[in-house]
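*Asks:* Spelled out from the first residue to the last, the chains are:
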Amino acid sequence: MSSKTLFEKVWEQHIVAEPKGEPTLLYIDLQLVHEVTSPQAFEGLRLAGRKVRRPDRTIATVDHNIPTTIEGRLNIVDQIAATQIATLRKNCAEFDIELYDVNSREQGIVHVIGPELGITKPGMTIVCGDSHTSTHGAFGALAFGIGTSEVEHVLATQTLPQSNPQTFRISVEGALPRGVTAKDTILAIIGTIGTDGATGCVIEYAGSAIRSLSMEGRMTICNMSIEAGARAGMIAPDETTFSYLKGRRFSPKGTDWDRAVEEWRKLPTDPGAKFDRELVIDAAALVPYVSWGTSPGMVAPVTSAVPDPAGAASEQERKGFERALEYMNLKAGTPLAEIAIDRVFIGSCTNGRIEDLRAAARIAAGHKVSSHVSAMVVPGSQTVKSQAEKEGLDRIFKEAGFDWREPGCSMCLGMNPDILSPGERCASTSNRNFEGRQGRGGRTHLVSPEMAAAAAIAGHFVDIRNWEVREEVTA
Amino acid sequence: MEPFKTITSLVAPLDRTNVDTDQIIPKQFLKRIERTGYGDFLFFDWRQTPEGKPIPEFVLNDPRYKNARILVAGKNFGCGSSREHAAWALSDFGFRCVIAPTFADIFFSNAGKNGIVLVRLSEEQVDRLLGNAQKVPNYQVTVSLEQQEVTDGQGFEASFEIDPFRKFCLLEGLDDIGLTLRHAAALDAYETEHDHAIWLKAK
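In the order they appear, the protein sequences are chains A and B. Take the first sequence: its position 23, counting from 1, is numbered 23 in the numbering used here, and each next residue is one higher. Take the second sequence: its position 137, counting from 1, is numbered 137 in the numbering used here, and each next residue is one higher.
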């Protein structure tokens, strides 16, 4: 038997048909649905008189435009947003889909709750009308974002026609230095290969630095695969994966569990399997990063300065750099650590999980948020929120002056009331620093949760490796 | 979906790389539950000031490019969010074709589902088109999907690659779900067997 990659194994197990001259018809094990990219898909089903083929392979939640204050949730002022949420409710009832609604104790960002509930599993094919679906690849699933027409296609047929992607292995070898996180690792990767560096590819992240990451860290890495243009990112399941999944609500139980683990153990890439592309990154050389521009590839070490467009590789890149610096109101040569910030956002499907909040709380404990900074923490889900409260993290954040919110996508994309005002500068643990992403005219710098917490307290970016931890936080 | 054979049209030059879908259609317009009516919001933040005044320098506000149905842009067009609203907005505004060196994957797929032809040309060819569209008055090109070529009748000729099946669907304006349901028997058989894999069950 020939050696196969993790991706190839998952792909081959999901082939329904391979019509000659056409894309492969792939079976989809799970579709996650949210309020923003689904209404037109359900409407399409109704117009064509079609049903949802597998409600048991579909779950829904509200995350993108839900307010993050209790009062805001009880009475959604934005009537268009309220209608969209009501429409999801109606569609889920009509098509018999389980909905983790706003009052559910398990509501949250779709990419946080899937793994938490044990719905996400190794070897699955998973889709969602959201580009950060790549998050679930951390479990060894093939998970990718799709558009609304494809959402409708999967609802109707539980399949998707897909052309075969290329495979790209990125091995991060060695130990990550202290203060360097999964977020820094993926920012470094995107900075190295570019925002279109993995277009048409499924990335497999491998190497000892990846293996030693927790599931939360692995999810952060896979989450931002799309920011390098990749269709998906995957990490082979191992003991870390199994111990995360064991005992979760929808994880297999008893002998089914043993049987499942036996199957999942077959998934990792075989020795000698060939990838279309390979890249090796030295973990020891990584540092904490800050994005300085309007594309996630525009990142630099926190110890460095805003780059000079004159050093760009091409004329097109130079124009892009200049435009980014103008939008960000930054001058080439300014040390990143001197950039003052107005806002801090800790949360999102990239960094809104319990481990992220623990890491940020450890930095914040015993300190105070700078007087000119407004900082908020938005847990990724109700489960994360209640766990954090059990551990007293909410108290640490509140005492330091952070705003403690209800779960949702929040200021990652600013579809709800959490937005930047024009000109405001934000240290954000989210995934995109596009123009206007967090509010028109707002300026986003992508960082790790630790770096965001430290920036909130200092009022500007700081090298987390020199941070004074005042109180150790124990879970 | 409207079939696409050949179009001849004015060309709107958008000389920017990494045009992300947040720019194509900003988030505040994603709250709607309709599939149509997004054209007015296309490139909203680039087209008008926060006070709602048109920004004259922006290409889509330039009267020279009014009614252009072909957009030319820099590499990695359509990166970022999976929002199909980006394709809906381009289509609703009147664009049937975008020419760029590269496109992001999800946008590529979404465009195809909405009858928008995405043409990949080399950076040099795209630069020439951008330059011509900026300098030559009333600059028009013809995009033939059947012939897989872009011409301007003034010496510019470029052929492009496209997946044969995607080409067929665009030429015919075919609905994907209908195509998939040709495999209904294979799907039923696969699914019955696949459901035994308890390790791949959602719940």
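I should point out that these hints are in silico values taken from the structure, not numbers from a laboratory. The C-beta atom is built at its ideal place from N, Cα and C for all residues, glycine as well. Treat the hints with caution; some may be incorrect.
Residues of chain B placed beyond 10 Å of chain A at every Cβ, according to the derived structure [to be verified]:
hint	residue
1	Glu34
2	Pro63
3	Asp152
4	Asp163
Computed spacing ranges between beta-carbons, pair by pair [unchecked claim]:
hint	chain 1	residue 1	chain 2	residue 2	range
5	B	Gly153	A	Ser3	20 to 30 Å
6	A	Gly333	B	Asp62	50 to 60 Å
7	A	Glu472	B	Gly52	22 to 32 Å
8	A	Ile80	B	Thr49	14 to 24 Å
9	A	Gly423	B	Arg64	29 to 39 Å
10	A	Ser386	B	Asp195	25 to 35 Å
*Asks:* Indicate, hint by hint, whether the structure satisfies it.
*Replies:* Hints and how they fare:
Some Cβ of chain A comes within 10 Å of the Cβ of B:Glu34; the nearest lies about 7 Å off, and the non-interface call is violated. Non-interface call for B:Pro63 relative to chain A: holds, since the shortest CB-CB distance, roughly 24 Å, exceeds 10 Å. The beta carbon of B:Asp152 sits about 22 Å from the closest Cβ of chain A, which is more than 10 Å, so the claim that it is off the interface holds. Here B:Asp163 does not stay apart from chain A, with its beta-carbon only about 7 Å from theirs, under the 10 Å limit.
About 53 Å separates the C-beta atoms of B:Gly153 and A:Ser3, a value inconsistent with the hinted range of 20 to 30 Å. Judged by the Cβ atoms, the range 50 to 60 Å given for A:Gly333 and B:Asp62 is violated: they are separated by roughly 35 Å. A hinted range of 22 to 32 Å for the beta carbons of A:Glu472 and B:Gly52 is inconsistent with their spacing of about 52 Å. Hint check: A:Ile80 to B:Thr49, Cβ distance near 22 Å, so the stated range 14 to 24 Å holds.
A C-beta distance of roughly 32 Å is found between A:Gly423 and B:Arg64, which places it inside the suggested range of 29 to 39 Å. Range check, A:Ser386 to B:Asp195: Cβ separation about 34 Å, and the 25 to 35 Å hint holds.
Of the numbered hints listed earlier, those contradicted by the structure are 1, 4, 5, 6 and 7.
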